[in-house]
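Undergrad: Required output: the full structure, derived from the provided sequences and hints.
There are 4 protein chains.
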Amino acid sequence: MVDFQLMPTTGAGRRLVALAEDHASDFATRADQHDREGSFPFENVQAMQESKFAAAYVPEELGGLGVESAYDVALGINRLARGCPSTAIAINMHLVVTLGIRRQWLQAKEGGDSQGAALREALLQQVAAGTLITSILGSEAGTDVFHPFVEATACDEGWLLNGRKIFGTLSPVSNIFFVSCRTKSDNGYDGSLAVVPRGTPGMEIKDDWDAMGMRGSGSNDVVFTDCRIPKGSLVGRTPWGVSDAGRLAGQLSGNTGLVAAFLGIAETARDAIVELVKSRRKGGPEGPTLAANPSIQTTIAQIEVDLSACRAMFERTARSAEAYLAERREEEYDMRELHEFMKSFQCMKWFVNRKAIEIVDRALTASGGAGYLSKSQLSRLYRDVRAGPFMQPWSPNEAFEYIGRVALGLEPAAAN
Amino acid sequence: MVDFQLMPTTGAGRRLVALAEDHASDFATRADQHDREGSFPFENVQAMQESKFAAAYVPEELGGLGVESAYDVALGINRLARGCPSTAIAINMHLVVTLGIRRQWLQAKEGGDSQGAALREALLQQVAAGTLITSILGSEAGTDVFHPFVEATACDEGWLLNGRKIFGTLSPVSNIFFVSCRTKSDNGYDGSLAVVPRGTPGMEIKDDWDAMGMRGSGSNDVVFTDCRIPKGSLVGRTPWGVSDAGRLAGQLSGNTGLVAAFLGIAETARDAIVELVKSRRKGGPEGPTLAANPSIQTTIAQIEVDLSACRAMFERTARSAEAYLAERREEEYDMRELHEFMKSFQCMKWFVNRKAIEIVDRALTASGGAGYLSKSQLSRLYRDVRAGPFMQPWSPNEAFEYIGRVALGLEPAAAN
Amino acid sequence: MVDFQLMPTTGAGRRLVALAEDHASDFATRADQHDREGSFPFENVQAMQESKFAAAYVPEELGGLGVESAYDVALGINRLARGCPSTAIAINMHLVVTLGIRRQWLQAKEGGDSQGAALREALLQQVAAGTLITSILGSEAGTDVFHPFVEATACDEGWLLNGRKIFGTLSPVSNIFFVSCRTKSDNGYDGSLAVVPRGTPGMEIKDDWDAMGMRGSGSNDVVFTDCRIPKGSLVGRTPWGVSDAGRLAGQLSGNTGLVAAFLGIAETARDAIVELVKSRRKGGPEGPTLAANPSIQTTIAQIEVDLSACRAMFERTARSAEAYLAERREEEYDMRELHEFMKSFQCMKWFVNRKAIEIVDRALTASGGAGYLSKSQLSRLYRDVRAGPFMQPWSPNEAFEYIGRVALGLEPAAAN
Amino acid sequence: MVDFQLMPTTGAGRRLVALAEDHASDFATRADQHDREGSFPFENVQAMQESKFAAAYVPEELGGLGVESAYDVALGINRLARGCPSTAIAINMHLVVTLGIRRQWLQAKEGGDSQGAALREALLQQVAAGTLITSILGSEAGTDVFHPFVEATACDEGWLLNGRKIFGTLSPVSNIFFVSCRTKSDNGYDGSLAVVPRGTPGMEIKDDWDAMGMRGSGSNDVVFTDCRIPKGSLVGRTPWGVSDAGRLAGQLSGNTGLVAAFLGIAETARDAIVELVKSRRKGGPEGPTLAANPSIQTTIAQIEVDLSACRAMFERTARSAEAYLAERREEEYDMRELHEFMKSFQCMKWFVNRKAIEIVDRALTASGGAGYLSKSQLSRLYRDVRAGPFMQPWSPNEAFEYIGRVALGLEPAAAN
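Line by line, the protein sequences give chains L, F, G and A. The opening residue of the first sequence carries number 1 in my numbering; numbering runs sequentially from there. The opening residue of the second sequence carries number 1 in my numbering; numbering runs sequentially from there. The opening residue of the third sequence carries number 1 in my numbering; numbering runs sequentially from there. The opening residue of the fourth sequence carries number 1 in my numbering; numbering runs sequentially from there.
Be aware that a few hints might be false.
Identical chains blur together in the list; that is why a pair holds if it fits in one copy or across any two.
[Unchecked claim] In silico SDA-like pairs for lysine to any residue, Cα to Cα no more than 20 Å straight-line: (1) 278 - 336; (2) 375 - 38; (3) 282 - 147; (4) 282 - 145; (5) 375 - 37.
Please keep in mind that the hints were generated in silico from the structure rather than gathered at the bench.
TA: Here is the structure:
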């Protein structure tokens with residue numbers, strides 16, 4: 001049987017994807033229940049800690065799976081999402097961070113920074129041991145990810161954090177949080193990143209995630225009220241509201257997995273509707289299957305076209321960005337080129353997310369009403385898949401201006 | 001202020017629409033709760049019994065509101081749906097039936113059939129008294145509305161009904177059910193209609209409606225197991241699988257209200273998102289409103305275009321069909337002409353339902369994520385509005401073939 | 001046979017539309033030839049002068065057809081366009097102007113301005129005599145219609161006009177040109193209108209119209225080089241770049257005919273493709289017609305949906321604007337309300353023009369290649385219909401911002 | 001500068017693409033003229049004979065360029081089309097045939113068929129010498145490519161051909177024609193292929209190609225009237241109306257170039273509009289460029305999204321098919337698998353052709369009217385690009401049924 005699904009590019013990647021497929025079969029059995037209850041899939045995360053899926057990026061010598069390709073890891077997320085989309089986007093938050101830590105570890109080793117290397121090595125070993133899970137807090141109400149309002153103000157022993165983050169995916173189990181924030185500077189603000197361990201007084205993880213879909217992702221609000229962290233826990237320092245090469249590069253690698261998850265939803269919907277129309281009959285047990293209806297065939301064909309386009313665009317965009325990043329050291333990145341790749345990524349992100357929504361919608365149409373019922377997986381997928389375009393950066397409200405301006409050689413920052 | 005919403009065409013219609021707007025304000029306060037709980041809005045139905053909204057079609061001399069225009073009643077449904085879509089489509093099931101009863105009453109009177117007239121008059125008075133609510137059971141799994149599998153077999157004192165209906169909207173409170181069914185004939189089946197009062201042994205109204213949206217519509221399964229009804233309770237007799245003029249005419253009038261409900265959802269979503277982007281600011285209390293973003297303006301403009309098209313198409317289609325039907329007696333109907341109007345209706349139904357989905361989707365986009373949260377009305381509207389295309393007849397799986405064949409002068413029956 | 005085409009609303013309108021249908025039958029025989037040669041249809045214009053179609057708006061007592069409804073005249077244009085789109089949009093330029101003259105005549109009479117009334121009355125009588133044809137020159141390269149660059153500078157005996165107009169539709173036969181221009185003022189410019197008779201020295205009507213479609217519309221460039229006109233030939237004076245109530249009202253009435261022309265193209269394409277697929281067979285003379293192909297049926301159905309939507313939207317929008325304008329005197333117009341109607345008109349204009357393009361495109365698809373050949377009328381319609389969205393104001397590059405801003409209660413002028 | 005255009009995969013391919021880019025620069029200078037005149041670009045074909053571009057597939061040892069990858073040759077066509085689309089699709093007809101001859105040459109050599117090998121070798125050498133150009137005649141009015149009506153009837157010295165072919169692209173210069181035809185068999189027809197040299201009595205090449213676009217492709221009708229060919233000139237014998245593995249494989253390789261041509265049109269339109277909006281200003285020489293308009297930026301962004309999707313889908317689909325075919329001998333082909341690849345190809349063909357049309361349409365929109373003028377390249381591209389979906393097999397009237405049926409595991413033949 002010819003199979004056009006996306007395939008990993010490395011040996012370690014192939015093992016990861018096989019593992020993801022096993023997990024997905026298991027997670028699928030509970031996905032509807034977590035959706036109904038709005039409950040976080042603690043047991044899924046635990047299974048991925050035990051299987052080392054959560055240590056995908058950790059080198060083998062440090063106890064992980066040693067996957068080096070972000071593309072391959074994204075395909076692991078893709079497979080997970082076929083079973084449980086909420087779990088897939090939740091664990092992606094963790095994997096993105098571990099990718100960054102591994103990168104810093106390699107750079108520190110290469111640059112002779114033994115202390116920095118040791119620190120990252122210890123972190124990666126903890127991840128391998130399954131005890132550490134990290135999460136990113138970027139979004140806030142009323143602003144974009146480049147202009148955090150959460151503020152760190154200097155105090156005697158370090159910093160006091162105040163503010164509120166939203167969409168804190170994976171927060172129910174995360175041990176460490178990376179919190180984008182700002183600090184006052186002479187003429188405005190600087191942007192920074194606060195590292196906050198779970199349980200730090202002043203950080204409250206709400207249990208308030210309640211959305212139309214992705215109900216198991218634990219994307220709670222996290223509130224900081226005079227949350228005190230040590231001086232060294234504030235890392236990085238960039239002009240507020242401005243992206244830099246490292247950040248752009250990180251988004252290119254890290255956010256790929258998110259798009260892969262929504263592609264996985266579309267793939268599941270496609271398989272489900274093909275199965276449904278091939279088995280359901282009209283006019284009784286002797287009647288023709290729904291598949292014999294030319295209108296249904298056309299709907300399936302439209303799904304095929306879009307799915308085929310999504311896979312191709314995902315593959316070409318993600319792999320070309322990965323190749324570009326792999327061939328250069330961070331200091332060699334060219335902002336203009338990174339924006340070209342980010343433009344390309346934004347084209348792909350919008351296209352795949354939008355087409356994934358359309359694919360599920362068409363599946364619903366072909367189901368003739370059956371897919372609208374809560375007992376149908378399609379009714380969950382229809383709600384889950386709608387989250388895709390909101391994933392940052394950029395939402396459709398900003399993406400087109402960004403893409404257009406880069407294509408026209410204009411300063412992309414206007415979108416901010 | 002210029003207002004482009006659809007307006008009723010008669011005095012009684014204007015009173016009905018004003019009443020509907022009052023109801024909608026009230027129903028809106030509980031719509032989210034019924035959605036969350038999947039509960040039937042008993043109190044809403046009771047309010048409409050008391051206000052006589054449920055007796056819209058009952059002549060004033062029999063105690064009703066005396067609305068004669070199905071177009072105006074559809075606008076009443078439109079307004080209700082702005083408050084609570086589930087309630088709107090539920091009560092529409094009842095109104096459709098009362099429209100038919102009034103028509104038969106007028107025909108009986110005109111034709112000198114005093115017994116038939118008296119029977120209908122009594123029914124209409126009961127409706128006016130608020131004690132009678134009726135419902136239609138047409139849909140079944142695995143077949144279309146023209147080929148019911150529910151079967152009536154002759155027995156000593158009448159008929160035994162067996163089979164299962166789905167999508168029994170309004171069933172939690174309906175006092176009488178009109179059940180489409182079939183009876184064996186010499187060379188196959190005849191189609192017929194069984195009238196079954198609530199509480200008849202052998203009819204079980206399930207409490208199993210659980211869908212992605214329209215969660216308050218009480219669209220339960222209704223199961224018939226040797227359900228015995230008197231000989232006279234089986235009315236009408238047509239070839240099975242074939243539509244006739246009366247039925248086509250009934251669908252033209254009756255289903256208009258259903259489309260109007262989905263238009264109402266779109267209107268609410270439009271108002272909600274305009275309000276949201278005019279009040280939310282980006283970058284803090286001093287920042288610009290979201291409305292200042294050209295991308296948001298474009299999204300709002302697309303909503304305006306589609307909403308404007310929906311309203312115009314609804315008005316022209318519904319009013320031209322109403323005029324055609326009003327100018328003729330039932331025996332003057334021409335099947336070819338009725339199919340032309342039904343083609344036009346199907347174009348409108350598909351267009352409005354689809355555009356309503358797109359309008360809510362665009363509103364969600366413009367909300368930038370806020371609308372995805374359960375606490376936002378938009379997240380409910382997004383689910384409710386998706387039910388539109390499944391309303392019978394036809395779902396999109398059949399509608400295009402029907403429209404195309406009528407337009408091409410081919411026999412429309414092929415879709416069956 | 002049920003017919004859903006748009007119908008005129010007055011007796012005079014019905015006569016005009018019947019006349020237009022006669023003209024269209026005739027014009028259709030030469031439309032392809034004018035297209036091929038890029039030649040102006042002088043004989044069509046002459047026929048409309050003789051039949052008094054060109055005097056549609058001239059009161060009967062002054063020798064015209066006495067049509068008062070701009071909606072009805074737009075339907076006349078709609079019918080003409082079914083035969084020859086180029087002729088339809090060309091004569092519309094003339095009709096728009098005569099509508100304005102009649103309006104001014106009525107206002108002058110009502111206001112007791114006997115001199116003004118006499119002047120307009122003479123003009124209208126000339127129009128009725130068929131000797132006078134007028135045209136508007138609004139568009140220029142590099143600016144929008146609200147900011148003309150053509151400039152009138154005061155000279156001894158009047159004004160000198162300099163600049164270049166484009167898209168001078170009807171210019172090959174127009175006797176008088178209304179030229180939007182600007183004059184220097186203390187702090188910038190004022191907007192004005194110059195009335196220039198054909199043959200005025202310094203006005204050169206190029207013979208350079210050569211476009212993809214609408215090749216018979218004579219939309220030449222018109223160049224002004226020290227073109228001297230008398231003092232009184234510069235009429236009106238408004239702030240440059242700003243619309244006013246009279247202008248908005250004029251556009252609401254006058255541009256309706258342009259949209260109606262593109263609707264007419266879509267209607268012709270629809271009829272042509274239905275005819276084609278019903279007569280062509282596949283697989284030899286015994287084979288089925290193309291109409292039997294479910295895919296073709298679906299394409300025809302999509303055309304039906306869109307055509308139905310276009311007609312409804314055109315009718316509702318144009319008639320509600322006409323009613324609003326008819327009920328008020330010019331000084332009672334409210335700018336905010338006019339913008340609401342213009343927003344509604346822009347929604348309709350964009351929708352109808354875009355859907356008309358799609359309808360012709362679908363017809364081409366259903367033709368299976370036959371429609372791509374030059375000998376097929378469809379290949380001309382495909383090119384003609386694409387002109388629609390460029391008609392001013394607004395092109396799609398500005399329309400969405402305008403619509404969105406009005407809908408959001410923001411100052412609409414930002415689009416300029 | 002990051003460049004996302006498609007790149008060849010082999011050394012010979014890179015040389016071919018570079019050559020194509022040179023040709024394209026030259027051809028571009030005459031493309032509008034050939035379009036205007038509807039003239040065949042004889043000089044372009046001659047240039048490609050001289051440069052050996054026309055001998056792309058001929059092995060180097062036989063005097064050609066030795067390109068082995070059909071994907072790379074398709075990219076050569078893609079580059080040509082950026083200069084002159086008509087020339088690109090014309091020469092593709094020739095290249096498709098030479099690809100087949102080379103394949104047969106290799107198989108004959110491998111299979112020890114020295115006579116067959118020598119015959120093909122001579123043909124290839126002739127192609128290398130630039131003296132031989134071949135063409136395929138497949139399309140006819142009233143039937144699809146699998147059911148030719150052109151018939152070969154046995155006569156004394158061979159066969160008599162009768163019938164009429166349409167869309168005979170490249171026919172003005174082709175030296176040999178491959179003509180799909182049928183012969184009577186016991187129970188119906190067999191399908192076959194007639195090889196007819198230019199100048200054979202009874203074969204008339206009309207000079208009648210006159211279409212909306214692709215006006216330089218020489219796609220004339222070719223009429224056969226008792227055209228006598230020797231016995232051996234009828235090659236192949238398959239059931240009429242049925243595809244076989246060899247034919248499917250040939251279409252997968254050969255038709256790729258056609259799609260690449262339409263991608264090239266889209267790329268040219270994209271570059272042209274970006275250039276235009278960056279250089280044109282609004283409001284005079286001091287005014288902002290059109291590129292500063294957010295609405296224009298959005299339109300450009302939509303072009304970027306679609307172009308990016310087209311390129312990715314083309315690359316993935318064409319390369320995966322090429323890899324599949326390269327890894328197998330013809331007798332190892334599996335019909336089911338070939339249909340899967342053909343389904344994938346059809347998804348890609350439809351998507352790229354449709355999106356290419358949309359890209360040019362958006363470019364026209366962004367041009368604000370300038371692109372509608374004949375002097376703008378965009379007005380030609382708009383007409384040229386519309387030919388894409390009609391390229392066989394399949395037109396959109398059949399493609400969706402084919403794709404749907406293969407995806408659903410049904411017999412694909414039903415489309416015939």
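Undergrad: Each hint should be assessed against the structure and marked as holding or not.
TA: Status of each hint after checking the structure:
In the homo-oligomer, the alpha carbons of residue 278 and residue 336 lie at most 20 Å apart only across protomers (18 Å), although the nearest pairing inside one protomer, at 50 Å, exceeds that limit. Taking the closest pair of Cα atoms, residue 375 and residue 38 come within 20 Å of each other both inside a single copy (16 Å) and across two copies (14 Å). Only between protomers do residue 282 and residue 147 lie at most 20 Å apart by alpha-carbon distance; the minimum there is 10 Å, versus 56 Å within a single protomer. In this assembly of identical chains, the alpha carbons of residue 282 and residue 145 lie at most 20 Å apart only when taken from different copies (12 Å versus 51 Å within one copy).
Taking the closest pair of Cα atoms, residue 375 and residue 37 come within 20 Å of each other both inside a single copy (14 Å) and across two copies (16 Å).
Violated hints are absent here; each numbered hint is respected by the structure.
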